[in-house]
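Asker: One letter stands for each residue in the lines below.
Number of protein chains: 2
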Amino acid sequence: MEKERVTAVYLIETPYTLERAAEVIAGEQSTGTFTAVPGETDQLKERHGARIEQIVELSPVSSPTLPGSKTPPGHDGLYRRGEVTISFPLHNFGPSIPNLMSAIAGNLFELQELSGLRLVDLELPEAFAARYPGPKFGIAGTRQLTGVYDRPIMGTIVKPSIGLPMADLQQMIMDVSAAGLDFIKDDELNANGSYAPLAQRVSAVMDAVNRAADATGKKIMYAFNITGDIDEMERGHELVVKAGGNCVMVSIMSVGLTGLAHLSKYSEVPIHGHRNQWGMMTRCPLLGFAFPAYQKLCRLAGADHLHVNGLDSKFYESNSSVVSSIRACLKPMYGGYGTMPVVSSAQWAGTAPATYEATGTVDVMHLAGGGILAHPGGAAAGFASMKQGWEAAVAGIPLAEYASRHPELQQAIAKYGKG
Amino acid sequence: MEKERVTAVYLIETPYTLERAAEVIAGEQSTGTFTAVPGETDQLKERHGARIEQIVELSPVSSPTLPGSKTPPGHDGLYRRGEVTISFPLHNFGPSIPNLMSAIAGNLFELQELSGLRLVDLELPEAFAARYPGPKFGIAGTRQLTGVYDRPIMGTIVKPSIGLPMADLQQMIMDVSAAGLDFIKDDELNANGSYAPLAQRVSAVMDAVNRAADATGKKIMYAFNITGDIDEMERGHELVVKAGGNCVMVSIMSVGLTGLAHLSKYSEVPIHGHRNQWGMMTRCPLLGFAFPAYQKLCRLAGADHLHVNGLDSKFYESNSSVVSSIRACLKPMYGGYGTMPVVSSAQWAGTAPATYEATGTVDVMHLAGGGILAHPGGAAAGFASMKQGWEAAVAGIPLAEYASRHPELQQAIAKYGKG
Numbered sequence: 001m002e003k004e005r006v007t008a009v010y011l012i013e014t015p016y017t018l019e020r021a022a023e024v025i026a027g028e029q030s031t032g033t034f035t036a037v038p039g040e041t042d043q044l045k046e047r048h049g050a051r052i053e054q055i056v057e058l059s060p061v062s063s064p065t066l067p068g069s070k071t072p073p074g075h076d077g078l079y080r081r082g083e084v085t086i087s088f089p090l091h092n093f094g095p096s097i098p099n100l101m102s103a104i105a106g107n108l109f110e111l112q113e114l115s116g117l118r119l120v121d122l123e124l125p126e127a128f129a130a131r132y133p134g135p136k137f138g139i140a141g142t143r144q145l146t147g148v149y150d151r152p153i154m155g156t157i158v159k160p161s162i163g164l165p166m167a168d169l170q171q172m173i174m175d176v177s178a179a180g181l182d183f184i185k186d187d188e189l190n191a192n193g194s195y196a197p198l199a200q201r202v203s204a205v206m207d208a209v210n211r212a213a214d215a216t217g218k219k220i221m222y223a224f225n226i227t228g229d230i231d232e233m234e235r236g237h238e239l240v241v242k243a244g245g246n247c248v249m250v251s252i253m254s255v256g257l258t259g260l261a262h263l264s265k266y267s268e269v270p271i272h273g274h275r276n277q278w279g280m281m282t283r284c285p286l287l288g289f290a291f292p293a294y295q296k297l298c299r300l301a302g303a304d305h306l307h308v309n310g311l312d313s314k315f316y317e318s319n320s321s322v323v324s325s326i327r328a329c330l331k332p333m334y335g336g337y338g339t340m341p342v343v344s345s346a347q348w349a350g351t352a353p354a355t356y357e358a359t360g361t362v363d364v365m366h367l368a369g370g371g372i373l374a375h376p377g378g379a380a381a382g383f384a385s386m387k388q389g390w391e392a393a394v395a396g397i398p399l400a401e402y403a404s405r406h407p408e409l410q411q412a413i414a415k416y417g418k419g
Numbered sequence: 001m002e003k004e005r006v007t008a009v010y011l012i013e014t015p016y017t018l019e020r021a022a023e024v025i026a027g028e029q030s031t032g033t034f035t036a037v038p039g040e041t042d043q044l045k046e047r048h049g050a051r052i053e054q055i056v057e058l059s060p061v062s063s064p065t066l067p068g069s070k071t072p073p074g075h076d077g078l079y080r081r082g083e084v085t086i087s088f089p090l091h092n093f094g095p096s097i098p099n100l101m102s103a104i105a106g107n108l109f110e111l112q113e114l115s116g117l118r119l120v121d122l123e124l125p126e127a128f129a130a131r132y133p134g135p136k137f138g139i140a141g142t143r144q145l146t147g148v149y150d151r152p153i154m155g156t157i158v159k160p161s162i163g164l165p166m167a168d169l170q171q172m173i174m175d176v177s178a179a180g181l182d183f184i185k186d187d188e189l190n191a192n193g194s195y196a197p198l199a200q201r202v203s204a205v206m207d208a209v210n211r212a213a214d215a216t217g218k219k220i221m222y223a224f225n226i227t228g229d230i231d232e233m234e235r236g237h238e239l240v241v242k243a244g245g246n247c248v249m250v251s252i253m254s255v256g257l258t259g260l261a262h263l264s265k266y267s268e269v270p271i272h273g274h275r276n277q278w279g280m281m282t283r284c285p286l287l288g289f290a291f292p293a294y295q296k297l298c299r300l301a302g303a304d305h306l307h308v309n310g311l312d313s314k315f316y317e318s319n320s321s322v323v324s325s326i327r328a329c330l331k332p333m334y335g336g337y338g339t340m341p342v343v344s345s346a347q348w349a350g351t352a353p354a355t356y357e358a359t360g361t362v363d364v365m366h367l368a369g370g371g372i373l374a375h376p377g378g379a380a381a382g383f384a385s386m387k388q389g390w391e392a393a394v395a396g397i398p399l400a401e402y403a404s405r406h407p408e409l410q411q412a413i414a415k416y417g418k419g
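Chains as they are written, first to last, in the UniProt record's numbering: chain A, 1 to 419; chain B, 1 to 419.
Extracted from the complex, chain A is given alone in its bound form (with noise of 0.2 Å):
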């Protein structure tokens, strides 16, 4: 029976004491309107009801992080934090993402009642997972295709990001697969626009991508950004597939969930999950989501690779959640849904010694624009010193003594080191 229920986990802060909010949280899912209405019958609520599990007490606070909430009679001035654990039927919605959604948020970011909620963790139950297949490559999938088993998959993005003639994209292609790179993507801002249509980049780009796999021996794997409409993708998708394409990217929150788990559906290549507009889910530390649990729904959708940002980067996120964001999608969803987080975002050779040795792991994507085209020595160094400094960091030595005999290494010192 416990199986059966979804149980999520929210950050709250509310005027109210803590189980009066844990209680309106769980009484919007069960009637939602203002006054009791006939037919609400306890057995219903007993069938139907959201359950409070668990509440824990954090430290208040004297002012609201969000407008509109409205204070009890006798208000101390204090706003209650706490960390709250509700449960839910499963029967009431199935094992719907789309239905989830409706009924572990909802409203609930609008109640007067609250002045913050964030659902920080998220407990699903098996039918999830025999509805939603997961991702269908994965860490080992795109380890097989890429062929490289035991460093992360290192790669690039397309720059600059758009207007880049079809020439100059091909000359790419051929640098950054002779320099021996494991991977490169479209950005997120380049995907079907009139002045490079999908079908005339996917066309250009595999003639590059085979001419150089016919000079190197190793085929790049290029993640073609086929974010658009739901038919749209699907047509981006078989482009990709009949010019022997390798990957195909989509922006989540652009496609919606739904449109990951559609293009889920029929992908025969890996999909590349891209999280842009995610700040604005997130970025509020009482509002939206946290990743930890958004990327279990990302998994389930079935993303193979899935953006996490990347330490020290030139975003507002702190290392400490870029970590825990990698150490999530690395923890064993069902027995299976391996997802490999993407780490972008000013990254170069010298960001791998920390985000090793905080993660412990080389399943990741590392990949670096600057970091890798604008290293001094070109991008056969660039893709050098990145190696170099995940040998470093695996070997544990320090990333300067190793530089000392890696010149590629001490050169990407030299340009992107702060100190």
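Hints were generated in silico from the structure; no laboratory data involved.
Careful, some of the hints might be misleading.
If several chains are the same, the list does not tell them apart, and a pair holds so long as it fits within one copy or across any two.
With a straight-line cut-off of 25 Å between C-alpha atoms, the simulated PhoX-like cross-links for lysine-lysine are [unchecked claim]:
| hint | residue 1 | residue 2 |
| --- | --- | --- |
| 1 | K70 | K415 |
| 2 | K415 | K136 |
| 3 | K45 | K242 |
| 4 | K415 | K219 |
| 5 | K218 | K331 |
| 6 | K219 | K45 |
| 7 | K418 | K70 |
Starting from the known structure of chain A, fit chain B onto it as the hints suggest.
Answerer: Chain B only, in chain A's frame:
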């Protein structure tokens, strides 16, 4: 040339100057890396770069709204606020809602140079109208289907929201149909759960709807919640249409704008757009989206009805925000795209006058759960009181005065009125 750009207006907060922050926002759209890369020519920037169109300074604050911003050297402790208008060349992404989102939202919420960013308005060129035909029924079509022309379309929500036995649901439909209501909808929590699969609900509901129509001569509009995975929604829509149903509902944030646009391609009945989960995109005043911007995308994607919350609701949202949402939905787009705002949450006859006074329109759906169903005189009296509330509002007669001649309104005031 100007019409081939998309214009986005952002409310921003930054420890830098507004000019610098605007440059970073615009720049994030053309290079997206932390170090200059080859190939980024002036010509490319001119052709593909985002452009700062206007900066309007607002009052600064002394502490950052969102965490994780970095401060410039010699920071004076102020976080500047302003409205920044940025335009993007359409050819970068084409008239595609999902790729538009990656461009106008993308990684912007995560920039360290900002301590707040919210998309408050959006202007889209005609090319979007050519690709997305918008609502098929809208206000006019919904009025035609319900036969209600001179007042709001009034309805209720199935309550209890989940767990109601089929026989009780049928009885409820018979009752509210006999009471004369125009419209009834599933709760957003009730879609296709195993305790009440959609197929079973469609059959039971339509049986009751048709029996009631035989008795009253008026077929109530029933919005079936078909929220689900992409294929599941298609099957759900087919079930509803084949059974003679006249409306489907989806939780837009659950199915995504792409899911909504896909449904809109084949829908044969109005699409009732529910916006649950919206709070996580909007409750932090310096993050996410404002509804007047977001509703344009929902209309493009085909929502015939669109939830906007209600005045004096049980939620955190201010009345002025609700009013601006209603007005935004009613503002013409591309000479059409008429979406009917759906006013709900803690609604009753007494919320009509303020709603009418602030918006000057009867082109809304006005939904009440308890406000109709829990009326002391029953559902028919609840419905009568709602109509009376709007009659008083449109005639400019104070509610109490009008109630002196209308007992149902009098009873409603006695039960739900605060003063």
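Asker: Work down the list of hints and note, for each, if the structure agrees.
Answerer: These are the hints, each one checked on the structure:
no.	hint	verdict
1	K70 x K415	between (54 Å within a copy, 22 Å between copies)
2	K415 x K136	neither (39 Å within a copy, 57 Å between copies)
3	K45 x K242	neither (53 Å within a copy, 33 Å between copies)
4	K415 x K219	neither (30 Å within a copy, 73 Å between copies)
5	K218 x K331	neither (31 Å within a copy, 56 Å between copies)
6	K219 x K45	neither (58 Å within a copy, 32 Å between copies)
7	K418 x K70	between (48 Å within a copy, 16 Å between copies)
The structure shown violates the earlier hints numbered 2, 3, 4, 5 and 6.
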